[in-house]
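K.L.:
With these hints in hand, go ahead and build the complete structure from the sequences.
Our numbering puts the first residue of the sequence shown at 23, with every later residue one more than the last.
Don't read these hints as lab results, they were simulated from the structure.
Incorrect hints may appear among the rest.
[To be verified] With a straight-line cut-off of 25 Å between C-alpha atoms, the simulated SDA-like cross-links for lysine to any residue are:
{"#": "1", "residue 1": "K117", "residue 2": "V180"}
{"#": "2", "residue 1": "K92", "residue 2": "K117"}
{"#": "3", "residue 1": "K92", "residue 2": "D71"}
{"#": "4", "residue 1": "K184", "residue 2": "E43"}
{"#": "5", "residue 1": "K184", "residue 2": "A146"}
Computed from a predicted model, the values in this text were never measured in an experiment.
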Amino acid sequence: MSRLALVVPCLCLAISAGAAESPAGAFSFRVEVAVPGQPGAVYDATFGDVTGWWDHSMSGDPLRMYIEPKPGGAFMEIFDESGDGVRHAVVTYAKRGEMLRFEGPLGLAGNSLHMVTTWTFADAEEGHTLVAVEVHAAGEVDARWPAVIERTWVHFLVDRLKPYLEGGGAAQD
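P.N.:
Right, here's the structure in full:
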């Protein structure tokens, strides 16, 4: 028997010895809020530089944080002048004033989780836009995550984005 035949099974055992089961699951939810402005203007004010309303980060005080509203664009957090940072998600669909979709784990980077976040913008009454965020996630899911993530999105839309836009973050079309 060759030496390789003896070594390969030993390597396989060493690699799998530390494996552990991870909780698997899926969840989804939708959050909506009506904000002042026309869909195109609200879309423009929501994306690009998000530091006016997005208040969660990995660095604690990012140099830049932005969502590029174009296919292949990134949701980036740049930590410092050296360019260190994290790509939170990648934009897979963008149609100004109507919809933006990105895929990425956001603050759960490092976990085996596929998360798709879809933003929609629709005319609402009296010069307002209905902004909806729908999240679908599957993979390694801790039982606490769905409720925490949904509460976080309520915070982003209701507590942060809406007051930001009401304060003039969105120009009128």
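K.L.:
Taking the hints in turn, state whether each one holds.
P.N.:
Here's how the hints hold up against the structure:
1. K117 x V180: Holds, at roughly 23 Å.
2. K92 x K117: Holds: K92 and K117 sit about 8 Å apart, inside 25 Å.
3. K92 x D71: Between K92 and D71 the Cα gap is close to 14 Å, so the pair holds against 25 Å.
4. K184 x E43: violated (41 Å)
5. K184 x A146: holds (14 Å)
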